[in-house]
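*Asks:* Residue numbers (the working numbering), protein chains in the order written: chain D, -11 to 142; chain C, 2 to 146.
There could be a bad hint or two in this list.
[Said to hold, decoys possible] Below are the SDA-like pairs computed for lysine to any residue, each with C-alpha atoms no more than 25 Å apart in a straight line:
hint, chain 1, residue 1, chain 2, residue 2
1, C, Lys27, D, Asp84
2, C, Lys27, D, Gly72
3, C, Lys27, C, Pro110
4, C, Lys27, C, Ala76
5, C, Lys27, D, Gly38
6, C, Lys27, D, Leu12
7, C, Lys27, D, Ala112
8, C, Lys27, D, Leu50
9, C, Lys27, D, Asp2
10, C, Lys27, C, Arg74
11, C, Lys27, D, Pro(-6)
[What the hints assert, rightly or not] Quick look at which bits of chain C chain D covers, simulated, 3 or more residues with Cβ under 8 Å:
hint, segment
12, 3 to 15
13, 81 to 92
14, 101 to 114
[Claimed, not checked] Incomplete in silico selection of chain D near chain C, CB under 7 Å:
hint, residue
15, Phe4
16, Ser24
17, Ala30
18, Ala32
19, Gln54
20, Pro58
21, Gly129
22, Arg134
23, Val137
If you're looking for bench data, these hints aren't it; they were derived computationally from the structure. Think of the CB as a built atom: it goes at the ideal place given N, C-alpha and C, for glycine as much as any other residue.
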Amino acid sequence: MPTSAPYMITSMLDMFTIILVFLLNFLDPANETEASVALPEAAAETAVGGGVILTVTRESVLVDGQAVLPLVDGRIPAGTARTGRRIDVLHERLADAAPKRSVSAGTAEGEAANAALAVHCDRAVPFSVLGELLYTAGQAGFGQFRFVVISDAG
Amino acid sequence: MSLVVHLIPMLLLSVRFLTLGQFEAKGPLVPTTAAPSDAAFAEQERDVVSVRITPEGFVVGGDDAADPRIPCRGACAPDTYDYAALTRAMVSAKRLHPTETRVVLAPEPSIAYEVVVRVMEATRSDATRPLFPMPLIAAGSGDPR
Chain D
-11 MPTSAPYMIT SMLDMFTIIL VFLLNFLDPA NETEASVALP EAAAETAVGG
39 GVILTVTRES VLVDGQAVLP LVDGRIPAGT ARTGRRIDVL HERLADAAPK
89 RSVSAGTAEG EAANAALAVH CDRAVPFSVL GELLYTAGQA GFGQFRFVVI
139 SDAG
Chain C
2 MSLVVHLIPM LLLSVRFLTL GQFEAKGPLV PTTAAPSDAA FAEQERDVVS
52 VRITPEGFVV GGDDAADPRI PCRGACAPDT YDYAALTRAM VSAKRLHPTE
102 TRVVLAPEPS IAYEVVVRVM EATRSDATRP LFPMPLIAAG SGDPR
């Protein structure tokens, strides 16, 4: 006589399959963002696309997850190297990222001029900072911006 | 065991995960070194629909309202800007520009990003139809430092 019930392997496999399919369906990498970014909420139904990601927290600016520029008290440090209004270090990093993405996607070279930049920006960041970053991104060849928000479209 | 197998998908379906959405915009539209002057903006307003976001409220260009200013409801904060009134102004502007889909957004330097996003939401559509779903960000309206 066995002292314990045998494992019901079929039912357990059913459970794990359901969980696996569910997680694969909902865990989209495009839906990930930095934990330190408090994204604003808005009714935006459009799906989030890929591309180069500019993340703006209250402490730093990141391109594709790599820190590029620190922020001091939520502002761009006074000694940051610039060419005109352009922020040099950010421009260099974005200019590097834009053509690589376009070529790997098999698009025409001219499309880099209208490359899309996904902006994950903290809700409290003032436009004095964001405007400078967008201006620099425009100088680096990004003509379209995708402002990522927490969707409350239901 | 069979009961558990059926409970799991029901519980998973009831879970609401954080979902991201996005607003698409073009820019920078005004690569100037300072915020556009009132005169420059008034000139621009004749042909395009525009919204200046100021610390006192919104200034709408391109509709036929006698007073283009939409003040905040109380002390200005992201929640006290009058987004509903802005949507009504956009409905009015749409009547004058029925084929236009673009709106120029010009936030002043101190405006928080959250307000810019909520303005995009308010100008994009009302409850029944799309209004101006293609915002153009006047990136030059930020402060140089």
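*Asks:* Quick check on the hint: Gln54/D CB to chain C CB, less than 7 Å?
*Replies:* violated (21 Å)
*Asks:* Between the alpha carbons of Lys27/C and Gly72/D, is the straight-line distance 25 Å or under?
*Replies:* Holds, because 22 Å separates the two Cα atoms, which is no more than 25 Å.
*Asks:* Is the straight-line distance between the alpha-carbon of Lys27/C and that of Ala76/C 25 Å or less?
*Replies:* violated (31 Å)
*Asks:* Quickly compare the C-alpha distance for Lys27/C and Gly38/D to 25 Å and report which way the hint goes.
*Replies:* holds (17 Å)
*Asks:* Compare the distance between the alpha carbons of Lys27/C and Ala112/D with 25 Å, and conclude whether the hinted pair is satisfied.
*Replies:* holds (21 Å)
*Asks:* Does the alpha-carbon distance linking Lys27/C and Leu50/D stay inside the 25 Å limit?
*Replies:* At roughly 21 Å apart (the allowed maximum being 25 Å), Leu50/D and Lys27/C satisfy the hint.
*Asks:* Hold the hint about Ser24/D up to the distance rule: shortest CB distance to chain C must be less than 7 Å.
*Replies:* Ser24/D check fails; min Cβ-Cβ to chain C is 15 Å, beyond 7 Å.
*Asks:* Taking 7 Å as the limit, does the beta-carbon of Ala32/D come near enough to a beta-carbon in chain C?
*Replies:* Holds, about 3 Å.
*Asks:* Does Asp84/D lie within 25 Å of Lys27/C when you go C-alpha to C-alpha?
*Replies:* holds (21 Å)
*Asks:* If you look at each residue in the segment 3 to 15 of chain C, do at least three have a Cβ nearer than 8 Å to any Cβ of chain D?
*Replies:* Satisfied; 6 residues make the cut.
*Asks:* Using the nearest Cβ pair, does Pro58/D come within less than 7 Å of chain C?
*Replies:* violated (15 Å)
*Asks:* Hint Arg134/D vs chain C: min CB-CB distance below 7 Å?
*Replies:* Result: holds, 4 Å to nearest chain C Cβ.
Against the hints set out earlier in the document, violations occur for numbers 4, 6, 9, 10, 11, 13, 15, 16, 19, 20, 21.
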